[in-house]
Amino acid sequence: MKQRFKNISVLQFSIYAVLLIGFIGSLYFINHNHGFYDQPIVKITAATVEETQELTDIYGNEDVLYTQQLEGKIQNGEYKGRTIELDNEYSLSGADDHEYRTGQDLFVFIEEAAGEGAALSGTIDNVKRDQYILAITWIFIFVLLVIGKKQGFYSIVSLALNAVILSYALDIYIRTENASLLLIAAVSVLLFTVTSLLLVNGFNEKTYAAIVSTMLGVFAALLLAYFAIWTSGGNGLNYEEMQFLSRPYEVVFLAGLFIGSLGAVMDVGITMSASIFTLYEKNPEISIEAMKTSGIEIGKDIMGTMANILFFVYISGSIPMLLLYLSNGAAWPFSFSITLSLEIARALAGGLGIVLTIPIGIYTSIFFVKRKRAAQ
Amino acid sequence: MNVLILLAVMLCMAMVMIGGKKGAISFLSLFINFLVLLFTVYMIANSDNDPILWVIVACVIISCVNLFFINGINSTTIAAFLSTVITMVVLLFFILIMTDTTMINGFGEEELDELSLFSLYIGISFIELAAAVIIISTIGAITDISISITSPMREVHLHNPGISRRELVHAGFAIGRDLLGTSTNTLFFAFFGSYLGLLIWFKDLSYSLGDIVNSKIFAAEMITILCAGIGIALVIPIASWITAYLLIRKSGSAE
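Those sequence lines, one after another, are chains A and B. Just add 707 to wherever you are in the first sequence, counting from 1, and you've got the working numbering. Just add 1 to wherever you are in the second sequence, counting from 1, and you've got the working numbering.
The following block holds chain A by itself, in its conformation from the complex (with noise of 0.2 Å):
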């Protein structure tokens, strides 16, 4: 125990003393942030089923309606302290409807009371879900924490410096007029691959051989991607389905895949360049046709889990929809083309970026190995 003790230095104490104010401040901060809210929150005290009925909709989907009585307690604004009442119809499935349970946090819209002293009434708007997000972060930093000690604390720090970069890099295209988005993702891509790839391997010509290979790699996919919608038109995908759209689809959809097979491409783009100088660093004398065919063998190895991570990553998203389709009576290759068109499309331009990063990896690594053999 002392042993383990001496083991903690001053900086590791403070990282621990800063999580743990950070952790209790914030859930507490969480808990009673009502008053920063011009909506008022409801805070339920009582839930009863009054009615329950049995429905079956035109397609033979059965399924069952239950209403709620909810009563709860206002916690902020110019009603606080109050009782209101509440209705609330859900269904078994929950497609676009809640049970609520006692304790729990609603936004609401209040009506005015029949009398004064009387209970107020309104409807639900939304639920309060902020400290859920906070619990869960909270969960996923002491989990990396725990478990991957220096590099969990780094994946954390990436984490959070990518977001904040994507979210500026979205600031500047919503208010710049006639901002190309591809070159913002363009921007965004470099300053994500280089802080990435350094924070994890720091400056040495292994991480430079890794960014200059994944620059190349995204490119390519995006440049055969783009190839591949230009020579068919665009036929086949279905953009219909894209939601969320206050921007034009094409462009939104390019950028997100740039982005979205920057990490796997950066993922193989670092496991070339190490295992490329490894074999370097083991044996200088190494033959270049020696180097090269280690690499394909290694790449061999990585693409087809790589491409299988994007894939589901991708295609998960659109199960409910999918289904939702389905259920509705819509045959099967048309719900299969309206709601996981784009999703597939991204997921193979993706493995393209995957799979031509292997050789681009490899000559490029094996570039910096040259340069570094000259200048000795």
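Errors might be hidden in some of the hints.
Listed next, the in silico DSS-like pairs over lysine-lysine satisfying Cα-Cα at most 25 Å (straight line) [what the hints assert, rightly or not]:
1. A:999 / B:22
2. A:999 / A:1079
3. A:780 / A:750
4. A:989 / A:856
5. A:1007 / A:989
6. A:1077 / A:999
7. A:989 / A:1077
8. B:23 / A:1007
9. A:999 / B:23
10. B:22 / A:1007
Stretches of chain A that chain B covers, calculated by requiring three or more beta carbons in the stretch to come under 8 Å of a beta carbon on chain B [unchecked claim]:
11. 832-843
12. 854-867
13. 1004-1017
No lab work stands behind these hints: they were computed from the structure. Cβ atoms here follow ideal geometry from the backbone N, Cα and C, with glycine treated the same way.
Go by the hints and put chain B onto chain A.
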């Protein structure tokens, strides 16, 4: 010419050109995984089937494809398979609790405008579905890390036959930690890419911070990203312990 077919042909050609036979197997495994996913959706679409059960089945089949089909059946892949499945089940229960308490099930108000023509009462539990979506999004990454931990651990054990179980677990942790940064990055950027439209939407409509944090869609995306990160971290101890246990027990019984 269809874009998807064109891209698939391009990917297949690139994989075969660079990876040869192994490349062809990799492409085939992608295709099989896709069919498994479609089959799972088909089974879930019948509301008598439990989504969680079918997702576990799908995860087991997908990890079989990713591990046994690509790498063959041996002690490394078996250890990786066990670690993947155990991590999945642990993570799934955690995610189910999260989706239930945070109420991220179903569609957000932003999506519902387009869905006004649909019947939403389809009898499938959207809470379980939300958990299923998150777990499926991470399965690729989790199988990747578990095989990347178990196979070098076997090498370590092979080169140091006298190594204790404790030291072997330690080696597994070290290998896993080195993968943590790049693997979490892979997932984070993939999610950033697919949520780009949503982020632009929030900024365009000038949502306040409070609106964004409490909205169902943003909460769902945040929880997906964070659960994926937690899953990647969790697989490290699980894979290290299981592999160390299997390797040491095996050499112990041989003595």
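Right, here's what the structure says about each hint:
no., hint, in the structure
1, A:999 / B:22, "holds, 18 Å"
2, A:999 / A:1079, "holds, 17 Å"
3, A:780 / A:750, "holds, 5 Å"
4, A:989 / A:856, "violated, 28 Å"
5, A:1007 / A:989, "holds, 22 Å"
6, A:1077 / A:999, "holds, 13 Å"
7, A:989 / A:1077, "holds, 15 Å"
8, B:23 / A:1007, "holds, 6 Å"
9, A:999 / B:23, "holds, 17 Å"
10, B:22 / A:1007, "holds, 9 Å"
11, 832-843, "holds (count 8)"
12, 854-867, "holds (count 10)"
13, 1004-1017, "holds (count 11)"
Figure legend: structure checked against the earlier numbered hints; the only hint not met is number 4.
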